[in-house]
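A.B. asks: Residue numbers (the working numbering), protein chains in the order written: chain A, 1 to 317; chain B, 318 to 853.
Careful: at least some of the hints might be erroneous.
Listed next, the in silico BS3-like pairs over lysine-lysine satisfying Cα-Cα at most 25 Å (straight line) [what the hints assert, rightly or not]:
#, chain 1, residue 1, chain 2, residue 2
1, B, 528, A, 82
2, B, 528, B, 479
3, B, 514, B, 479
4, B, 536, B, 514
5, A, 56, B, 514
6, B, 514, B, 441
7, A, 82, B, 441
8, B, 672, B, 799
9, B, 614, B, 672
Derived by calculation from the structure, the hints in this document are not laboratory data. All figures in this text were calculated on a predicted structure; none of them were measured in a lab.
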Amino acid sequence: MLRYTANRLLLMIPTLIGVAVLVFFLLRVVPGDIVEVKLRGDGGSVSQETIELERKRLGLDRPLLVQFGDWMVGMATLDFGKSMWTERPVIEEIAIRLELSLQVAIMATLIAVLLAVPMGTLAALFRDTWIDYVVRIVTIGGLSIPSFWFGMLIMLTLLALFNWLPPITFTPIYVDPIANLTQLIWPAMAVGYRYCAVVARMIRSSLLEVLNEDYIRTARAKGVYEKLVISRHALRNALLPAITVIGLEFTFLIGGLVVTEQVFNLNGIGQLFVQSVSRNDFTLIQGMVMLIAAFYVFVNLLIDLLYAVFDPRIRYD
Amino acid sequence: MTTRRTALKTMAGAFALGMGGLHWDMVRSAAQAQSVKRGGTLVFAISAETPHYDPHGSDTFATLHFCSPFYSTLLRFNLSKFPEVEGDLAQSWTAAPDLLTYTFKLHPNVKFADGTALTSADVKATYERLRNPPQGVVSTRKATFSDIGTIETPDPLTVVFKMKAVNASMLEHFASPWNVIYAAKDLGADPASPRTKINGTGPFTFVEHAKGSHVSGKKNDNYFKKGLPYLDGWRGVFTLQAAAMLNALQGGQVMAEFRGISPAERDRLVQTMGDKIRIEESSWTLNLLVAFNTEKKPFDDVRVRRALLLAIDRWGGSQGLSRISTLRSVGGVIRPGSPFATPEAELVKLPGFSKDIRKSREEAKKLLADAGVPNLKFTLWNRNLAMPYTPAGIFLVDQWRQIGVEVEHKQSDTAPYLATMNAGNHDVAIDFSNLFMDDSSLGLAKYLSVDRAPENRSRSKDPELDKLYDDHLRERDSEKRKGMIRAFEKRLFEQAYQQPLLWWHRIVPTHKVVMGWKMSPSHNLGADLGEVWLNQ
Numbered sequence: 001m002l003r004y005t006a007n008r009l010l011l012m013i014p015t016l017i018g019v020a021v022l023v024f025f026l027l028r029v030v031p032g033d034i035v036e037v038k039l040r041g042d043g044g045s046v047s048q049e050t051i052e053l054e055r056k057r058l059g060l061d062r063p064l065l066v067q068f069g070d071w072m073v074g075m076a077t078l079d080f081g082k083s084m085w086t087e088r089p090v091i092e093e094i095a096i097r098l099e100l101s102l103q104v105a106i107m108a109t110l111i112a113v114l115l116a117v118p119m120g121t122l123a124a125l126f127r128d129t130w131i132d133y134v135v136r137i138v139t140i141g142g143l144s145i146p147s148f149w150f151g152m153l154i155m156l157t158l159l160a161l162f163n164w165l166p167p168i169t170f171t172p173i174y175v176d177p178i179a180n181l182t183q184l185i186w187p188a189m190a191v192g193y194r195y196c197a198v199v200a201r202m203i204r205s206s207l208l209e210v211l212n213e214d215y216i217r218t219a220r221a222k223g224v225y226e227k228l229v230i231s232r233h234a235l236r237n238a239l240l241p242a243i244t245v246i247g248l249e250f251t252f253l254i255g256g257l258v259v260t261e262q263v264f265n266l267n268g269i270g271q272l273f274v275q276s277v278s279r280n281d282f283t284l285i286q287g288m289v290m291l292i293a294a295f296y297v298f299v300n301l302l303i304d305l306l307y308a309v310f311d312p313r314i315r316y317d
Numbered sequence: 318m319t320t321r322r323t324a325l326k327t328m329a330g331a332f333a334l335g336m337g338g339l340h341w342d343m344v345r346s347a348a349q350a351q352s353v354k355r356g357g358t359l360v361f362a363i364s365a366e367t368p369h370y371d372p373h374g375s376d377t378f379a380t381l382h383f384c385s386p387f388y389s390t391l392l393r394f395n396l397s398k399f400p401e402v403e404g405d406l407a408q409s410w411t412a413a414p415d416l417l418t419y420t421f422k423l424h425p426n427v428k429f430a431d432g433t434a435l436t437s438a439d440v441k442a443t444y445e446r447l448r449n450p451p452q453g454v455v456s457t458r459k460a461t462f463s464d465i466g467t468i469e470t471p472d473p474l475t476v477v478f479k480m481k482a483v484n485a486s487m488l489e490h491f492a493s494p495w496n497v498i499y500a501a502k503d504l505g506a507d508p509a510s511p512r513t514k515i516n517g518t519g520p521f522t523f524v525e526h527a528k529g530s531h532v533s534g535k536k537n538d539n540y541f542k543k544g545l546p547y548l549d550g551w552r553g554v555f556t557l558q559a560a561a562m563l564n565a566l567q568g569g570q571v572m573a574e575f576r577g578i579s580p581a582e583r584d585r586l587v588q589t590m591g592d593k594i595r596i597e598e599s600s601w602t603l604n605l606l607v608a609f610n611t612e613k614k615p616f617d618d619v620r621v622r623r624a625l626l627l628a629i630d631r632w633g634g635s636q637g638l639s640r641i642s643t644l645r646s647v648g649g650v651i652r653p654g655s656p657f658a659t660p661e662a663e664l665v666k667l668p669g670f671s672k673d674i675r676k677s678r679e680e681a682k683k684l685l686a687d688a689g690v691p692n693l694k695f696t697l698w699n700r701n702l703a704m705p706y707t708p709a710g711i712f713l714v715d716q717w718r719q720i721g722v723e724v725e726h727k728q729s730d731t732a733p734y735l736a737t738m739n740a741g742n743h744d745v746a747i748d749f750s751n752l753f754m755d756d757s758s759l760g761l762a763k764y765l766s767v768d769r770a771p772e773n774r775s776r777s778k779d780p781e782l783d784k785l786y787d788d789h790l791r792e793r794d795s796e797k798r799k800g801m802i803r804a805f806e807k808r809l810f811e812q813a814y815q816q817p818l819l820w821w822h823r824i825v826p827t828h829k830v831v832m833g834w835k836m837s838p839s840h841n842l843g844a845d846l847g848e849v850w851l852n853q
């Protein structure tokens with residue numbers, strides 16, 4: 001297991017290098033110039049000479065390979081450079097938003113898992129009964145309603161019923177837990193609903209499949225209590241595909257909540273991503289892509305390791 | 318109207334005496350009469366986030382709504398008597414009869430937030446930076462101050478501007494909200510420092526900028542206007558999405574949005590909030606305009622450009638678009654209703670403004686046929702802001718369709734949109750003119766030859782327009798100046814390089830508890846919050 005984990009960790013390096021090469025050079029192919037955007041974006045009368053000086057100051061006049069080399073060397077020492085737009089360290093720009101995005105992702109995952117596991121299990125166990133129908137309606141609703149729309153409904157409902165809205169500026173949980181949770185519970189619910197629907201349906205179908213397996217029949221024939229059959233034999237196996245979905249959804253939530261963040265006026269990674277792309281802020285985009293890629297690779301590793309925990313047949317050694 | 322003329326006449330006389338100091342007393346007296354309540358924190362929405370803190374290098378309101386409370390300017394506009402100017406840092410001022418020398422006496426005991434005393438050297442350093450920015454510093458108003466010859470500082474509280482040439486609008490430029498005064502020592506240490514560091518003499522001092530979230534300021538206890546500000550502090554929350562801003566206003570998270578909202582948004586707030594919300598409206602010193610890239614075929618042909626302008630039914634569009642967007646008034650290059658604006662009776666005689674749209678469109682089709690492009694197709698480059706760019710773009714596409722022109726409507730984020738136009742990669746663009754006052758030296762500057770005005774998105778070069786502009790700039794007689802503006806406008810519209818589509822209408826919502834804020838035709842003015850108080 002340890003050897004497998006070490007191998008996977010080592011394999012992360014070429015994967016991330018590949019991502020780095022792609023993001024760096026693709027960004028340079030896309031039309032647009034950060035300096036033009038930065039200095040003339042406000043409609044200012046800026047001379048070409050100033051534009052060239054700024055390009056030089058930002059190091060954009062150097063050969064691409066040199067720029068790439070510098071960036072890679074910087075990354076090796078965890079120096080991701082400075083945002084070309086705000087001129088603040090990329091790490092700092094991301095860190096401010098990551099805290100919020102990560103918390104929303106964790107809260108949404110908790111909501112989703114806590115609801116999805118019992119819902120999916122009950123739907124499978126009581127297949128084609130009213131319980132199953134209710135779960136199916138709820139989950140289809142979750143899949144059909146975009147998170148941002150559900151978020152807007154939540155906001156309008158709060159306004160209409162209580163003439164109240166959650167705070168719109170972020171307070172870290174260690175500063176004021178109440179204010180923090182009051183703000184983030186709503187977006188977490190909005191995205192958690194869709195997330196829950198995906199996972200619940202996955203658990204239901206997976207559990208239905210597992211319940212027809214020979215080993216379940218054998219367990220029941222041996223006289224094992226039904227609760228133990230479900231929890232120890234069926235659910236444990238049925239959770240494997242759900243774990244994959246949970247992991248991928250969690251990673252998506254880190255950077256993919258652009259519209260939901262706008263609805264709740266959240267200062268998250270999604271909004272930063274869109275802003276930096278529209279401004280051609282190369283260094284910041286590169287930093288965020290690397291961050292999200294690292295998250296994906298790491299979460300995938302975690303999922304594979306969890307497989308071994310849940311399924312004794314899987315032995316990576 | 319009268320105030321502008323009066324101001325010019327006064328300048329042409331022996332001197333103009335500043336009334337700055339007297340005025341705050343009047344303001345304070347008036348405010349006290351309303352039983353001003355001190356204290357509290359104003360929370361308001363800012364619908365964009367500034368990339369930096371330097372108004373000298375910016376043209377976006379986002380920078381002003383963020384920075385103005387921290388800074389002072391030499392003069393400022395008296396919003397109760399707009400467009401009259403009054404002193405800010407200047408206690409008094411005189412203008413020489415020939416308008417070639419301006420002398421300002423500064424208020425004593427003015428301090429920057431870091432405790433340094435303000436002197437004339439700071440004003441000099443600021444204006445030197447504006448008119449002649451050092452390497453790596455951007456001054457978007459460099460051209461405005463190119464008429465300044467020298468800046469002298471005979472004593473710590475006197476600053477004298479000697480002009481190379483007359484600029485009849487100079488006092489208004491000294492009142493521009495963008496020209497905030499920086500500390501000479503800061504600029505000496507690093508001329509680019511105002512981009513990242515705030516050190517001003519305004520009514521508030523900087524507390525924090527939580528990137529992507531908010532900016533906040535607290536009362537400047539050393540503010541040189543005694544008794545001001547009334548608030549303990551303020552917080553500007555970045556609400557990039559209109560729906561989030563409206564919800565926040567309705568839910569009480571923010572008390573105001575000082576830029577402006579659409580008629581539909583106004584109606585929603587009034588309907589849901591009733592008498593808790595105050596709505597103030599004004600015409601706006603902003604317009605959308607249609608710019609043809611004259612460096613590209615077939616837009617290098619005046620017949621094509623003119624045909625496309627003739628096809629636009631501005632009067633009908635004004636009625637429809639004003640119901641759903643912030644667009645409203647039909648006007649020329651100067652804001653309709655302002656002193657130098659072209660009256661409607663004259664406007665309708667200019668190309669593109671006729672009320673007989675059927676006749677205009679017939680003429681347009683004929684011009685396109687004559688130009689050899691009866692089935693013209695092109696791309697309309699637009700900004701992807703829902704209000705009012707999207708409805709304006711859709712409107713134009715429909716107008717041009719009616720003369721057989723096929724248009725692809727392409728919208729993009731603000732930065733690439735502007736960068737594309739600046740680089741001249743567009744066919745036709747919906748551009749905007751964002752002014753802070755009605756002065757013609759600003760309003761006309763956008764239409765100068767592109768080598769003088771890079772913000773001219775038609776990229777036209779017309780020495781005749783340039784000459785008319787320069788002549789009008791030196792003209793001190795307001796009636797003669799008006800005639801020159803008409804001539805400029807006629808030439809511009811006949812050549813059809815670019816033309817205002819419609820002027821905006823400003824609607825500002827504030828909670829009823831917000832007092833002392835003054836409405837004006839520009840969202841760039843009145844952002845210092847010095848006289849704002851909360852009635853709660």
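A.B. asks: Which hint numbers doesn't this structure obey?
C.D. replies: Structure breaks hints 2, 3, 7 and 9.
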